[in-house]
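Take a look at the letters that make up each chain.
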Amino acid sequence: MQRPRSTIRLDWGSMEARSLPSRTATSVARKALLEIRRAAGRWGLVALLLAFPIYFAVHDLTTGYPGFAHGHVTRIHDLTYLGTNIVEGISNGSIWALIAIGYTLVYGIIELINFAHGDVFMIGSMTGVSFWSAIGLGLATSTLGLVVGLPLALLVCMLVCGALNVLIERVGYRPLRGAPRLAPLITAVGFSFILQNVGLLWRGGSTVGVSDLVRENKTVVQISGVVVHRADVLSIGVTIPLVILLGWFVSRTRQGKAMRATAQDPEAARLMGINVDWTISLTFLIGGALAGAAGLVYALYETTIWYLQGFEAGLIAFTAAVMGGIGNLRGAVLGGLIIGCIQQTIDARVGPQWTPFFVFGLLIIVLVLRPQGLLGEETREAG
Amino acid sequence: MNELQAQLQEWKAAIERFVPRWWPKALAVALIAFGLILPQLFSTTSNFVNTEILALTYVMFALGLNIVVGFAGLLDLGYVAFFALGSYAFGWLGSGWFFKAHVHVLTHGPPSTLPGIHLSFVLILICAGIFTAFAGAIIGVPTLRLRGDYIAIVTLAFGEIIRVFALQGPSLKIFGMPLTGGELGISGTDAPYLPGVGMFSELNIRPWYYTIFVLVLITLFVNLRVRDSRLGRAWIALREDEVAAVSMGIPLVRTKLLAYSLGAAFGGIAGAFLAAYTTLIDAGEFQFGFSIFVLSMVILGGLGSIWGVVLGALLLANINYYLIPDVFNSLPGTFGLNFSLTDLQVSIFGFLLVIVMVLRPQGLIPEQRRKLELTRGIGETELDEPEVDRAWASVEPGEAVK
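In the order they appear, the protein sequences are chains L and Z.
Heads up: the first sequence begins at 1472 in my numbering, then just goes up one per residue.
Heads up: the second sequence begins at 83 in my numbering, then just goes up one per residue.
Do not take every clue at face value.
Unchecked claim - Some but not every residue of chain L turned toward chain Z, in silico, with C-beta under 8 Å:
(1) Ile-1584
(2) Val-1660
(3) Trp-1825
(4) Leu-1834
Derived from the structure by calculation, the hints contain no laboratory data.
Here a beta-carbon is modelled for each residue, glycine too, at the ideal position from N, C-alpha and C.
With the hints as extra help, turn the sequences into a complete structure.
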């Protein structure tokens, strides 16, 4: 899902054009500098991302972390804490991944940052909570009731959010296809505001606790001290099938092929008989449906919802999409997982108030070192 | 449709024949005179004048952002950073916040004896401008090699990072003094003093109005002069085609950084003024929504069009701060409906953005150059044409602009 050539790489061209006249005595130094820069671009980011877990692993093994063992408070020297961070990071990150896919699909196909996407996700959470209360799911519901009710709620959330996203595209973006590039961005912001207002009127201006249907804190399995909770299983268990399904859809089906073709060159796709409008609508439907699924999982995972959750999640998920290489599906998933891990680790060790600093700081470094994102280059074909 | 347009153009030509050629200047003079008289028509603490002070501050913000986004084509989603830094510049230099220091420069009245750093009002505004100009250049450096949407994301990230620092300021100490007031804010800022006017106060907001009015006039003057200068033309060239501009000898780094710096400086000065006016620098204000609000003004008015931006800013600020909360708020009630308009404020604003963009994507008063691109360039095609893209800085390699 990517334009044939990344527009980003162009900049190197322009920088080189500028340096043409002065390429005499300093050419060796310049070449070395370029080489270093290239190496930093290729490996610097990977090194940076690995630095986090390695630092914390070394820290845990040498200095240890405060814990509780053999009946008294002590310092523990093992990797359990880091393992817990990573498990929570992966489960939280898979929610971000679901949202990030929506960003990356839309960006891949019409090159628009769909600012309303995070708020569609928020509407998904609220729809899910309202739906399950409406059909009578509560803390007293039996396991069988949940097994029937929650997939139904998931389906409803996906449908509602998919339809909402298609509607937004139809009303706000399609009339603006020939307009200056910033115009649809502004309508996206407008829709984001409208949806936030809907959420505000629907559930009020503060965080609302929702009933913890799946008992998210119960232990499912414990692997050498690392506890896997039900919430983790839930979010990973919903994300993996959806991502596999999407991957199959995009790479194997006729419609998926149409999507990839439209992403590469809408005009040529139209000439080949692809219904471009329908394909773009379909992309929005899929993105919205995934956001809806993420919304329901988020409500069960965090057990709180509020009208601004979509804004925060949207920023994080967009960061994930950019980090993975925007337009690339695998990149969005990878980016989501990485951001989730960083977020959980920083939340637990430094403090949640500093998490945005690390997430966005990392984003800036990613874009400076490797503007095309982690998997940006292999996106010529589907991804 | 075409007949209608032809008819409209005929009328337009007919009107132009009657109106003398100096009408823009006459209009400008009339508007300035109107702006000067306006506060005299209302009481000294009038809510309307208060709104207009905010609106004029937003005009200044929007004009600053217009340099970055409109002239140079660098989509900046983190403009709130300069609002924050300008505000803090005022908080640091014009209050008792750094209580261990005793610095007084050209101060007058009570502040000249209090502990803390106290500079005179005009001096603080200048310092805020210089400070944010440097900050703008620093934020600009990582974006130099990036394009379009990626610039947007990096600036957004910087905006959020500065917000984190603003919120966590109380736990960051310099020389044992907290950096910012966090969500409690820095309060007790000095009331500005200008010779000939005296101490500003809440009881008479006219001096505030005239101060921001003059600041806006200065900003307008600088904008108009810079747009037609060598630098302004370099910005537009970079916006239109970076490769061609650079190969014509435009220094890329310097030109881009100057755009960031100048845009940031206006934002910083406006931020410092707003901090002085509200007397509270609260980290909760520095939200992403502010950047979007100002960007909406710029785009609504017409990217790169100075007068359009002024109009857009005045309109949106007045709708947001005056029309919705004060004028039309009780409207549903008069029809027997049980809600107030402020509950819907955000979505009204959203609807407005959507409708205006769908009906008039080029903005209310489009820039002349962009108008030509829009009408000549694309014809009837529905999809995103390269010609449209070119207006927006994503130029394909090796292609000449037709």
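Checked hints:
| no. | hint | verdict |
| --- | --- | --- |
| 1 | Ile-1584 | holds, 6 Å |
| 2 | Val-1660 | holds, 5 Å |
| 3 | Trp-1825 | holds, 7 Å |
| 4 | Leu-1834 | holds, 5 Å |
Going down the numbered hints, you'll see the structure goes against none, and every one checks out.
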